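Using the sequences plus the hints, can you model the full thing?
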Amino acid sequence: MQKVRHDLDAMDRRITAVLLASPRASWRSVAEVLGVSERTVVRRAAPLFHDRTLRATAVRNPARFPHLIPMVLRIRCRPNRIATIAAGLARRPDTVWVDILGGGDEICVVLFLNGRDARNKLLLRDLPATAAVRSWTSYDLLKVFPVGFAWSAGLLTREESGHLRPGSGPAPEPFSPLPEDEALIDALVEDSRMTYGELAHRTGRTPRAVRRRLDALVEGYGVRLATEVDLALLGVHAEALLWITADPGALEETGQLLSRHPQVRFTAATTGSSSLLVAVAATDLSALYVFLTGTVGALPHISGIEVTPILSGVKRTGLVRPASI
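In full-length UniProt numbering, the protein residues as written are 1 to 325.
The hints are simulated quantities; they were obtained by calculation from the structure and are not laboratory data.
Owing to the predicted nature of the structure, the values given are computational and were not obtained by experimental measurement.
Ideal Cβ positions, reconstructed from N, Cα and C, are used throughout, including at glycine.
Take these hints with a grain of salt, some might be off.
[Said to hold, decoys possible] Each pair of labels, with its calculated beta carbon distance range: (1) Ala129 / Thr206: 13 to 23 Å; (2) Gly297 / Gly204: 49 to 59 Å; (3) Ala250 / Pro207: 41 to 51 Å; (4) Gly35 / Asp7: 21 to 31 Å; (5) Arg134 / Gln256: 30 to 40 Å.
[Stated by the list, open to error] The calculated lysine to aspartate or glutamate pairs, modelled on EDC-like cross-linking and capped at a C-alpha distance of 16 Å, are: (6) Lys143 / Glu253; (7) Lys121 / Glu160; (8) Lys143 / Glu252.
Here it is as structure tokens:
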């Protein structure tokens, strides 16, 4: 078993930041963005993937797969059973995030459920049959703001980030999933940095066909490529979910503004008493306070906010977090 890392130096963090923002960036591209040699990037980054400090994956966009139902659950349960329940939820293939919140008696789960039957089974059978679950609230995810997918933990300059997101070219072709996409997406979920040759071998296509379809999947927001890492290794020691109530007419504008902030890693519009779910990653509680008062507080169309700190991230981007040793 590989040793779990407890620290990354400044260069490791900046390399990781590039890979967060651009998960399939070549070693050469990473080196050019950071102004270092390609050899330096390979020497530092390859071991991070080898020991799974960094993990490359992908997540389907439910907006492009009509059978998927994206949902957020806030589950309140007995504190002495919360770790067991969170672990059980993390083992489900349809959970994307599983976080333990607040005072240690609440779990937040993001799920992409495979149709109405799966949703009804979870809400009407599985959760009521779990004795340690006291109550739950469900919300539908109406829209996920994609700007935040280029999040880099605030470790890159604006110029460096600009190299990863060049000026807009022609609009991508409208994306519609094909049955043969499933094998490609499954391979990307397993390792989104597989070479085109490896993906071709897994899917029975040519490397050129794989590359063309992968570009269509990503540019058409069919899938989101991702690099998973323990955020504490990047200097993030205060994570929180914000449940924000925004005026309906300003919901789009508010969501777009928040999703562009360097401390925001996820923003979505939801049903329920609040209208925006925002995941914040700050260096410490003081930085979180400044974000709440200076950034959120300055927005004119917000009428309410609930802040729930994240105690532990059990599953992120569809991957169960490795246990520390």
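Hints versus structure:
For the pair Ala129 and Thr206, the supplied restraint of 13 to 23 Å is violated, since their beta-carbon distance comes to about 48 Å. Range check, Gly297 to Gly204: about 54 Å between beta-carbon atoms, so the 49 to 59 Å window is met. In this structure, Ala250 and Pro207 meet the distance hint of 41 to 51 Å, their C-beta atoms being roughly 46 Å apart. Range check, Gly35 to Asp7: about 23 Å between beta-carbon atoms, so the 21 to 31 Å window is met.
For the hinted restraint 30 to 40 Å between Arg134 and Gln256, the CB-CB distance of approximately 36 Å keeps it satisfied. For the suggested pair Lys143 and Glu253, the alpha carbons sit about 13 Å apart, so the restraint of at most 16 Å is met. Taken as a hint, the Lys121 and Glu160 pair is broken in the structure, with Cα atoms around 46 Å apart against an allowance of 16 Å. The suggested pairing of Lys143 with Glu252 holds, with an alpha-carbon distance near 9 Å, which does not exceed 16 Å.
This entry does not satisfy hints 1, 7, going by the numbered hints stated previously.
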